[in-house]
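**Q** The listed protein sequences correspond, in order, to chains P and Y.
Heads up, the first sequence is in this note's numbering, so the first residue is 456 and it goes up one at a time.
Heads up, the second sequence is in this note's numbering, so the first residue is 1300 and it goes up one at a time.
No lab work stands behind these hints, which were simulated from the structure alone.
Since we're looking at a predicted model, the values are computed, not measured.
Check the hints yourself; a few may be wrong.
To be verified - Per the computed footprint, the stretches of chain Y lying under chain P, defined by three or more beta-carbons under 8 Å from a beta-carbon of chain P, are:
1) 1336-1347
2) 1359-1371
3) 1403-1411
4) 1445-1456
What the hints assert, rightly or not - Pairwise CB distance ranges (calculated):
5) D602(P) with K1485(Y): 28 to 34 Å
6) A729(P) with A1358(Y): 54 to 60 Å
7) K1417(Y) with G709(P): 58 to 64 Å
8) D718(P) with A1434(Y): 57 to 63 Å
Quick reminder that beta carbons are idealized off the backbone N, C-alpha and C, glycines included.
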Amino acid sequence: MANAETDAPGDGLVPVTVLTGYLGAGKTTLLNRILTEQHGRKYAVVINEFGELGVDNDLVVDTDEEVFEMNNGCICCTVRGDLIRIVGGLMKRSGRFDGIIIETTGLANPAPVAQTFFVDEGVRAKARLDAIVTVVDAKHLPQRLEDSHEAADQIAFADVIVLNKTDLVTPEELQAVEDRIRSINRFAVIHRTERAALPIEQVLNQGAFDLQRVLQIAPDFLTDDEHEHNEDVTSVSFEVEKPIDPEKFNAWIGALLQEQGPDLLRTKGILSYANDDRRFAFQAVHMIADGDFIGPWKADEPRVSRIVFIGRNLNRPRLRRGFEGCVVD
Amino acid sequence: MSETVAQFLLGTRGVHRDLAAFVVAARFDRSGGTAAFALGDGSVHLVAVNDKQNWRKFAVHDGAALALSPDAAPAGFISGGDDGKLRRIGSDGAIADVGDFRSKWVEHVAAHPGDKGKGLVACTVGKLIVLFDQAGEKLKELPHPSALTGLAFDAKGKRVAGSHYNGATLWFVAAKTDSPRKLEWKGSHTALAIHPDGDAVVTAMQENSLHGWRLSDGQHMRMSGYPAKTQSLSFTRNGKWLASSGADAMVLWPFFGGGPMGKAPIELAGGDGIICTQVAAHPQQEMVAGGFADGLVVLADINTSRILPVAPPEYGPISALAWSADGTQLAIGTESGFAAIIDLSKREG
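This is chain P alone, in the form it adopts within the complex (with noise of 0.2 Å):
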């Protein structure tokens, strides 16, 4: 436990963990594992439905999701005001808690939550989205596929998959199920559970948007395009080691997210540019891009340039050829 602390970015900034997943795939009983586990630690809980939960020690906080459209240019980009509000209110307090845990409604879009954390500068400020966690029902999720757009969404967003009721289906159901969440996001850590039980570390302090560790789970399935199942959403990820000439990146990346940001899920990249010494962290949600130096390269790393695209209509050759034609001359 101690180790999750340090292993967390040093910045100050309260992680948030976004918890989503379709109606009775888990996501309530997660959140009751989560906060009746002898952790140690406090945290800020923000519901929709009052009343699941079977805890109060936790301070809980009942919202209702309140998403606009922010007038900034960006056509795809919708904030929840109401995390605006709960999270200054949050930062008020005193007594500082270890993180806020945001549970979402079933039906929910992923992108508003993850934009609010980049869109605002008062939440900037004091909270950074650790990880989002998406629960999944083993045994329904090919039918919640089938009939809507949410299912296969949530999954893009995830960081962390929890592949619930395991003990519901076969294990060749298992697997089949597992390769259809791979094909549409082959860049999450999935976690098998009966009845959510997980350790919690799995789930809270990711540190997943910082990249690093999404990244480096990466290369495991960089080659495994084996099952393939015609998915809307899919993923797809490059590799260059020539340094990265930033110029270049940003002219590209601004004109892609501007062109093909409803398409575009999830971007995530760490970047090697020439003439510096530490890593670049690029991310993005649809068109709401951000970026900043993360720590140096190792010493004993290879400083190759990697970027991850999550969405739909990926023309994988063209992304490709956009992402090489960004190393310096």
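Fit chain Y to the known structure of chain P by using the hints.
**A** Structure of chain Y alone, referenced to chain P:
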């Protein structure tokens, strides 16, 4: 160092304390006899203006206090908290429940003295404005399309307004049948003020701008150019100027001579790149107090632009500023728990 401090009124005319929690709001009661500071640890600290060495702490909310207003009565206060409680605090520290909204936060409170004991108290709870009479009896609940982000009575106490997504709503408090006036403008409105003459409502917006409606003819007013969100709006007593935070100066929009439409605002105490976080117009004169993100507090004369330094940039971002009704006392609070009262009354001799 002592020389530097002495240039600020805090050193010569101030009494201050470290209250060790985020100062959410500061207010004086209507009589001006008591100052109150509501904190992020749920406590409210009371200080009698004639006994400023004696700070009294009262546990009022189980959680954080979120809002504070002078009560409708001459003495005492109304506070709201994230424990869902709307409470009345006497100037002696006696605490009574006015409302209990359980898991919903009470984010904004307001009160109006009315005529002869017919005062009003209002609070926001999610999408509702809840209105009480002076005795604390609930009068009505006014529903809105989305959560409320600002609340104010007009100067006469005849109307109450709330800001929310896509605009603001204005209600006649005494109406038998409620038919509110809906002021519409797309976007997220995050704070609200009503002009002292009752003919304009102004909101702050998510996109670092202000929006206003002139009620007589429905004219829209757009005021933009802020580098940060405006958290604090304050009209001068005569309504000539609207002071606002959100820029690296106090920004004042003229509400005369056809303004603010087509007019440039004046900027006071700017130039060093530090964002102004709080403004409070003087209740009597054309002066405005401004607090900044580095802790600096200044008093500015609007007509001459003369600046009087009040508190040095040392005690954390300014989160609360309030004047006593007679304008002789200024209360200051910061995010890091510093609180002060500055005495600006004329000194004998």
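**Q** The structure should be examined with respect to each hint, and the outcome stated for every one.
**A** Here is how each hint holds up against the structure:
no., hint, in the structure
1, 1336-1347, "holds (count 4)"
2, 1359-1371, "holds (count 3)"
3, 1403-1411, "holds (count 3)"
4, 1445-1456, "holds (count 3)"
5, D602(P) with K1485(Y): 28 to 34 Å, "32 Å, holds"
6, A729(P) with A1358(Y): 54 to 60 Å, "59 Å, holds"
7, K1417(Y) with G709(P): 58 to 64 Å, "60 Å, holds"
8, D718(P) with A1434(Y): 57 to 63 Å, "59 Å, holds"
Of the hints listed earlier, there is not a single one the structure fails to meet.
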